[in-house]
Amino acid sequence: MKQINEMKLQIPGKSANESFARAALSAFAAQLDPTIDELADIKTAVSEAVTNCIVHGYRDEIGPVYIHAKLYEDNTLTIKIRDKGCGIPDIKQAMEPLFTTCTTGERAGLGFAVMQSFMDKVRVTSKPGKGTCVVLTKKLLSKGAGNA
Amino acid sequence: MSINIETDDGVVEVYLSGEIDHHSAGELRERIDEAIGAVTPQRVILDFRGVTFMDSSGIGLVMGRYKLLEGTGAVLELRGLSSPVKRVMRLAGLDRIAVMDGGTKK
Chain A
1 MKQINEMKLQ
11 IPGKSANESF
21 ARAALSAFAA
31 QLDPTIDELA
41 DIKTAVSEAV
51 TNCIVHGYRD
61 EIGPVYIHAK
71 LYEDNTLTIK
81 IRDKGCGIPD
91 IKQAMEPLFT
101 TCTTGERAGL
111 GFAVMQSFMD
121 KVRVTSKPGK
131 GTCVVLTKKL
141 LSKGAGNA
Chain B
1 MSINIETDDG
11 VVEVYLSGEI
21 DHHSAGELRE
31 RIDEAIGAVT
41 PQRVILDFRG
51 VTFMDSSGIG
61 LVMGRYKLLE
71 GTGAVLELRG
81 LSSPVKRVMR
91 LAGLDRIAVM
101 DGGTKK
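Top line first, the protein sequences correspond to chains A and B.
FYI, the UniProt record's numbering numbers position 45 of the first sequence as 45, with every residue one higher than the one before it.
FYI, the UniProt record's numbering numbers position 96 of the second sequence as 96, with every residue one higher than the one before it.
Bound-form chain B, shown alone:
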């Protein structure tokens, strides 16, 4: 699992790659929260293009970041979702709390 974070003008872009499970989620959470805490962003984009596997630990990762941003006015966007990743996310109703692949929240 690797993570690359770019911050520019109130936008935090997080590029995730590899496998997201309970083992890797802890470090990802720390790195993302550190970046969010440093800039108080208006938008946080989680890019899953490089993610090859994700179980419900990925849902926890997204839900946790949603809770962190809740009330700040920041928008959470999920990008580059492969079909299996999207399936896990839809199961959890993440399309109701975050913008998925450029769409709108349901």
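In isolation and in its complexed conformation, chain A is listed as follows:
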């Protein structure tokens, strides 16, 4: 499928950048003329993935979060969100709803469940000690301009 546009963003894994990341992706996805619900889905999934990098990938450190998004002519959006943090030893377990490594009881353990529910496809690759990469894919049903 032909790619029509792309964007790359690198931000320090500071929690203040969570809102910036989802706003940036929302503005980029706007080229496909999404519905309000589709934009809300994208923002929520991006927020979950970036928060995972900050909270779980880097924990007490601040490291870089890399975002690479692409738009395709069939109205598909892919968003790759990557960190160079601690990695996930067991991806299957990490993706189980309610599983969390947080001990304070304030994290719901639903980050991946939200991503899976709001996007069409969620692909996770990770190497312990090297980092984690999440690729979110969503085909927008709205009629996009497609020629930005």
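Please note: incorrect hints may appear among the correct ones.
Claimed, not checked - Calculated lysine to any residue pairs in the SDA-like style (CA-CA distance at most 20 Å, straight line):
#1 A:Lys130 / A:Pro64
#2 B:Lys86 / A:Leu39
#3 A:Lys14 / B:Thr72
#4 B:Lys86 / A:Pro97
#5 A:Lys121 / B:Arg87
#6 B:Lys67 / A:Lys139
#7 B:Lys86 / A:Asp37
#8 B:Lys67 / A:Leu98
#9 B:Lys67 / A:Phe99
#10 A:Lys14 / B:Gly26
#11 A:Lys139 / B:Pro84
Since the hints were made in silico from the structure, they are not lab data.
Position chain B against the provided structure of chain A, taking the given hints into account.
Just chain B now, with coordinates in the frame of chain A:
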């Protein structure tokens, strides 16, 4: 994100507005818990009318307050839920632990 808390006769009403994410949830949690600790309420109402965005950090915020109130007999109510906020909450089954928009717990 802003928060306004009103306490009256055992009822704590929390008016939330703006975006709830991991960045903002910490301060919200502290402010709400401070108010709950000060009055030992019978009802805690979280009003989401002004919330423009919420991810699963909002679920953690609600679940954490539910655990805090558990065993005290206090009722947790969630009010003013927009469609996207409700969708995130239902995903987590929050309609089973709290009264949502004047309904009953499932």
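Hints and how they fare:
| no. | hint | result |
| --- | --- | --- |
| 1 | A:Lys130 / A:Pro64 | holds, 13 Å |
| 2 | B:Lys86 / A:Leu39 | holds, 16 Å |
| 3 | A:Lys14 / B:Thr72 | violated, 36 Å |
| 4 | B:Lys86 / A:Pro97 | holds, 18 Å |
| 5 | A:Lys121 / B:Arg87 | holds, 18 Å |
| 6 | B:Lys67 / A:Lys139 | violated, 38 Å |
| 7 | B:Lys86 / A:Asp37 | holds, 12 Å |
| 8 | B:Lys67 / A:Leu98 | holds, 15 Å |
| 9 | B:Lys67 / A:Phe99 | holds, 17 Å |
| 10 | A:Lys14 / B:Gly26 | holds, 14 Å |
| 11 | A:Lys139 / B:Pro84 | holds, 19 Å |
The structure fails hints 3, 6 (numbered hints given earlier, in ascending order).
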